[in-house]
Amino acid sequence: NAGVTQTPKFRILKIGQSMTLQCTQDMNHNYMYWYRQDPGMGLKLIYYSVGAGITDKGEVPNGYNVSRSTTEDFPLRLELAAPSQTSVYFCASSYSPNGGNEQFFGPGTRLTVL
Amino acid sequence: QKEVEQDPGPLSVPEGAIVSLNCTYSNSAFQYFMWYRQYSRKGPELLMYTYSSGNKEDGRFTAQVDKSSKYISLFIRDSQPSDSATYLCAILDYGGSQGNLIFGKGTKLSVKP
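Listed in order, the protein sequences are those of chains A and B.
If you count by the working numbering, then the first sequence holds residues 11 to 124, one letter each, in order.
If you count by the working numbering, then the second sequence holds residues 937 to 1049, one letter each, in order.
Among the hints, a few may not be true.
As the list claims (entries may be wrong) - List time: in silico DMTMM-like cross-link candidates among lysine to aspartate or glutamate, alpha-carbon distance up to 25 Å:
1. B:Lys-1044 to B:Asp-1019
2. B:Lys-978 to A:Glu-82
3. A:Lys-67 to B:Glu-981
Since the hints were derived computationally from the structure, they do not count as laboratory data.
Here chain A stands alone, though its shape is the one from the complex:
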């Protein structure tokens, strides 16, 4: 199993550009998450999904959009990129959200907005 994969690994965007961060998992997990991690800060939840076709906002959703058309894929869309979105983005998945159920993380996408 590849686990959780993310593309691209790195990206530099200009202010106002758009992009989609890709996330795929092969563990047949229903629950998927997008986090951002700023230097010296913990992980902040952007959006999450409890299954195909169902998504919901996390703590910091502004400036982002998601979709979940399949169990495997959970892309994150940035519209009109801003310097404040410079961060490392992690996708994660889990079998369930309940206590003790591990969230498996991808390797991250490092995004710089200039």
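We have chain A already, so just place chain B on it with the hints.
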């Protein structure tokens, strides 16, 4: 008051030292507590989790929860250079429609040979 507080360090210790990493939290209703380890330029991975109060041991690692003080700890015995990483505490919050993790800022640990 932030829900989970964690001293970001950095923390530098010699090989073989006992390491103590700590977090405090604000909501007494929290029940599930986790420690994730994150190596440089990698995603976090679950190290240990505990439910409610008490200790849990796994090899050189011990996770401890004191619900009366709202304090969680991770102890690493006989620390090794391979333990050098950022350690994030995480707490499961059932306040929304489903449980979501609240992470501390992470403590960066360096174990010197």
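With a cut-off of 25 Å on the C-alpha distance, tell me whether Lys-1044 (chain B) and Asp-1019 (chain B) pass. 10 Å, holds
Hinted pair Lys-67 (chain A) and Glu-981 (chain B), Cα distance within 25 Å: 23 Å, holds
Holds or violated: Lys-978 (chain B) to Glu-82 (chain A), with C-alpha atoms at most 25 Å apart: Judged against 25 Å, a Cα distance of about 21 Å means the pair holds.
Hint compliance for this structure: every hint is met.
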